[in-house]
Amino acid sequence: MAEALSTLLETEQQALRSWSREHRALAQAWANSPRVLRLTRELLATPRTRDALIKAPVQAQIREWLHPVYSGKEYQGFFIIGPGNINLASTRDSNLGVPNLLIKQEDVLERMWSGQAALSLPQRSDVPLPDPNGVLREEQPTMFIGAPIWDESGTVIAILTFRINPLEEFTAILQRGRIGGSGETYAFDQRARLISESRFDDQLRRIGLIGPDERAILNVAIRDPGVNLVAGEQSTVPREQQPLTRMADSALAGDSGTDVEGYRDYRGVSVVGAWVWDSELGLGITTEIDTVEAYESLSSIQTVIFALTGFSMLLLIVVTMVFVAGRERILKGEQSLRESEVKFGSVTQSSLDAIIAADSSGRIISWNKGAEATFGYREEEVLGQPLSLLMPERYREAHQRGLERLRSTGQTRIIGKRLELHGRRKNGSEFPLELLLGTWKTHDETFFSGFLRDITERQQAEERIRKLNEELEQRVAQRTAELEAAVKELEAFTYSVSHDLRAPLRHIDGFSKILVEDIGSRLDSTARHYLQRIQEGTRQMGTLVDDLLNLSRIGRQEARRQVTGLNSLVDEVRKELQAETAGRRVEWQVGPLPFADCDPALMKQVFATLLSNALKFTRPRERAVIEVGQTTVNGQPVVFVRDNGVGFSMKYVDKLFGVFQRLHRAEDFEGTGVGLATVQRILHKHGGRVWAEAELDKGATFYFTLGEAENQKAEKPIPAAATRGEP
Amino acid sequence: MTQEEVHILLVEDNPADVELTLHTFRNGNLRNRIHVARDGEEALDFLFCRGPYSVRTFEHAPKLILLDLKLPKVDGMEVLRQVKGDPRTKAIPVVILTSSKEEKDMVNSYQLGVNSYIQKPVDFNQFRETVKQLGLYWLVVNEPPPTNAFSAR
Chain A
4 MAEALSTLLE TEQQALRSWS REHRALAQAW ANSPRVLRLT RELLATPRTR DALIKAPVQA
64 QIREWLHPVY SGKEYQGFFI IGPGNINLAS TRDSNLGVPN LLIKQEDVLE RMWSGQAALS
124 LPQRSDVPLP DPNGVLREEQ PTMFIGAPIW DESGTVIAIL TFRINPLEEF TAILQRGRIG
184 GSGETYAFDQ RARLISESRF DDQLRRIGLI GPDERAILNV AIRDPGVNLV AGEQSTVPRE
244 QQPLTRMADS ALAGDSGTDV EGYRDYRGVS VVGAWVWDSE LGLGITTEID TVEAYESLSS
304 IQTVIFALTG FSMLLLIVVT MVFVAGRERI LKGEQSLRES EVKFGSVTQS SLDAIIAADS
364 SGRIISWNKG AEATFGYREE EVLGQPLSLL MPERYREAHQ RGLERLRSTG QTRIIGKRLE
424 LHGRRKNGSE FPLELLLGTW KTHDETFFSG FLRDITERQQ AEERIRKLNE ELEQRVAQRT
484 AELEAAVKEL EAFTYSVSHD LRAPLRHIDG FSKILVEDIG SRLDSTARHY LQRIQEGTRQ
544 MGTLVDDLLN LSRIGRQEAR RQVTGLNSLV DEVRKELQAE TAGRRVEWQV GPLPFADCDP
604 ALMKQVFATL LSNALKFTRP RERAVIEVGQ TTVNGQPVVF VRDNGVGFSM KYVDKLFGVF
664 QRLHRAEDFE GTGVGLATVQ RILHKHGGRV WAEAELDKGA TFYFTLGEAE NQKAEKPIPA
724 AATRGEP
Chain B
-3 MTQEEVHILL VEDNPADVEL TLHTFRNGNL RNRIHVARDG EEALDFLFCR GPYSVRTFEH
57 APKLILLDLK LPKVDGMEVL RQVKGDPRTK AIPVVILTSS KEEKDMVNSY QLGVNSYIQK
117 PVDFNQFRET VKQLGLYWLV VNEPPPTNAF SAR
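From first to last, the protein sequence lines stand for chains A and B. According to the working numbering, the first sequence holds residues 4 to 730 in order. According to the working numbering, the second sequence holds residues -3 to 149 in order.
The set of hints was computed from the structure by calculation and includes no laboratory data. Every residue gets a Cβ at the ideal spot worked out from N, C-alpha and C, and that includes glycine. Don't take every hint at face value.
Claimed, not checked - Distance ranges between label pairs, derived from CB positions:
| id | chain 1 | residue 1 | chain 2 | residue 2 | range |
| --- | --- | --- | --- | --- | --- |
| 1 | B | Gln107 | A | Gln560 | 31 to 41 angstroms |
| 2 | A | Ser652 | B | Asn104 | 45 to 55 angstroms |
| 3 | B | Gly47 | A | Ser571 | 37 to 47 angstroms |
| 4 | B | Gln107 | A | Leu475 | 43 to 53 angstroms |
| 5 | A | Thr584 | B | Met102 | 40 to 50 angstroms |
| 6 | B | Met102 | A | Lys107 | 58 to 68 angstroms |
| 7 | B | Gly47 | A | Arg668 | 30 to 40 angstroms |
| 8 | B | Gly47 | A | Glu670 | 49 to 59 angstroms |
| 9 | A | Arg622 | B | Asn104 | 41 to 51 angstroms |
| 10 | B | His56 | A | Glu670 | 55 to 65 angstroms |
| 11 | A | Arg38 | B | Gln107 | 42 to 52 angstroms |
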């Protein structure tokens, strides 16, 4: 009995693990796609307000790109979660710019930030979701699978999660562990809360454990009422003060175990059961059956074990151990066969997967319909035949050795592992298959059971996906290279143009000055005025050319980063600007600024431009107030420069950082319109960004960040060196 | 002009620049001591006393070379390389006077042994001041190399 329960439980556990692994791999595959990385970068550059995120074109792009994933049956939606666990992208607008629901399971988010794909436990949804009848309801159970999005430097920049409906696969897997009329397999969390569906919802409603519209999932604690509630007895102890059931108590202590003596379950009904705490999944699983029924229906447990292998949605085949019996006509080991207690049920026969059993000498003793479809042999053709019949020649020797080793030592290397091999059909053709082997011992004989599936189509699909991805990456790489070349060319052009412009300028300036000096006295005032205009023009164009040269130089040169105190840069710049403040009342309010990993020469240019702009645009003010400081925007450190100058209308904010874009008239404020473009280029070079807020005639504030990746490194724990659990 | 009189070799292809540079020297007696080479090849012929300048001798080298980088035929960097690479000419002070302030050019020039690197200012007053100071420094303040610094050893 205990063995049968443990076997069923183990099977369930393996099934859940496989399922979790499969989804984690899938989530990671999507998170790794270059497209997702690129779109995520754009998202990270978008201000983290709901409005901005909704309006950003990248929002629609990422929804479209991920649509095939979340429009299927498995996933109900997706999230891209940025620093501070804020949702940057999601299926629903209402989710954007707010913390992700998973902050209720912070350890899961932390695991993802530290670089692992992870599956959450079911929890109550924050948005209405369809219930099993398709009706939208509040607080439906929901769960998430997620994976980190890495950048090229190996930093996790965001997280991609998909919403999974726990009432689908998760529940389905556990429901397959229902035995007879009262057996059930369920999962619970660390607080002993039921996190899968109960088969006793109706009973639980009747005895008042859940409300008339409620489901047991997420609503029932695995506590022992001390009396049998189903039999109409009433507990005097409030639910929350009741002790955990024997099973839950042991499982939450991290133990696994079985109890075939009988103990009270969460309904107070006497059950026998097996349980395990699975630290990889972060949940407990148990299989329980009413004691009364248990000893009547031992065989039904084993039937269920076979049924478990029929999952159509699992890509993995579940290993299980098989009792083989009832086929005395087939084989020699009649005695041991009789000793085993189970018959292959009709479920086994109807499974789509091939289920084959063999005796210790490797002769086939059971053959289901799935095996027939897979290999092309009919049952009567293979029974009693060696298993090697089903293998290509090259596997046969190893198979023989394995059998011998098992016979002599009882040891085998492949039991319980998922193998990818090749099979040989009746017509001699080969095909790839996935195989899971189990063994079962009776008193004097070992039997094997194999669950296998033809994975030709899957391999082809994988190959197609791999090729598509390869092509996609190639195309992206090519485009990137083209773009980089174009940008380089443009910058070289800018450089040589501005370089060559300097010579004629020098000549215009030179000769007009010589003109004034040599024959100035003979010219009238109008002529002198025009000459002055010419000189002003050349001077202005000279500045423009110099600024452009500088801009293109920054584009071409690498940032030479070193840890720099931003306050000292501000101090230097202020000294250099002293000439401009002469005769003015300027109040500087410089707060503490961080040390940053940046190119000090380039960062100095940033401050020089921002501070001299601030001085320039406060010129009409009797008292200029210029503030430099640090603040936090959406959980990110941001440096700002604020002034009380003439400001500008936010209508034109888009133009602010464009080359040659000016928002003021030249006679009011001089300038070339290159300064802020240069600032932006410098900050982009550092992986940061710059933006501005202003009000006409009230002043302006410029904000910038430096290299988000750097900040994150400091905040996030170093990924764990090793992970526990199965490979 | 006899060869003894050349104090400055101005290597400059742009006639406007030549004129402006010469203008800055108009008030001194230097103007007549400036020889202009209009491309790199002419500059090399002049300095290595060959072709039309075969009558010149290395002992009568100019006291200063003002060298532009962008030149027809042979560019300024090559002129610099040859001048600084030959024991008969390497002692002549060379000042690069160019529009370029590209780091690559500056690094190369200094590695080839240039004595000074100056970007031509757009503002004519600054330009004039710069060139004047250059002439003053190299021709008046600075002690020129002794004659036997120009011999092949």
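Structure-based check of each hint:
no.: 1; hint: B:Gln107 - A:Gln560: 31 to 41 angstroms; verdict: violated (19 angstroms)
no.: 2; hint: A:Ser652 - B:Asn104: 45 to 55 angstroms; verdict: holds (49 angstroms)
no.: 3; hint: B:Gly47 - A:Ser571: 37 to 47 angstroms; verdict: violated (57 angstroms)
no.: 4; hint: B:Gln107 - A:Leu475: 43 to 53 angstroms; verdict: holds (46 angstroms)
no.: 5; hint: A:Thr584 - B:Met102: 40 to 50 angstroms; verdict: violated (33 angstroms)
no.: 6; hint: B:Met102 - A:Lys107: 58 to 68 angstroms; verdict: holds (60 angstroms)
no.: 7; hint: B:Gly47 - A:Arg668: 30 to 40 angstroms; verdict: violated (58 angstroms)
no.: 8; hint: B:Gly47 - A:Glu670: 49 to 59 angstroms; verdict: holds (57 angstroms)
no.: 9; hint: A:Arg622 - B:Asn104: 41 to 51 angstroms; verdict: holds (43 angstroms)
no.: 10; hint: B:His56 - A:Glu670: 55 to 65 angstroms; verdict: holds (57 angstroms)
no.: 11; hint: A:Arg38 - B:Gln107: 42 to 52 angstroms; verdict: holds (46 angstroms)
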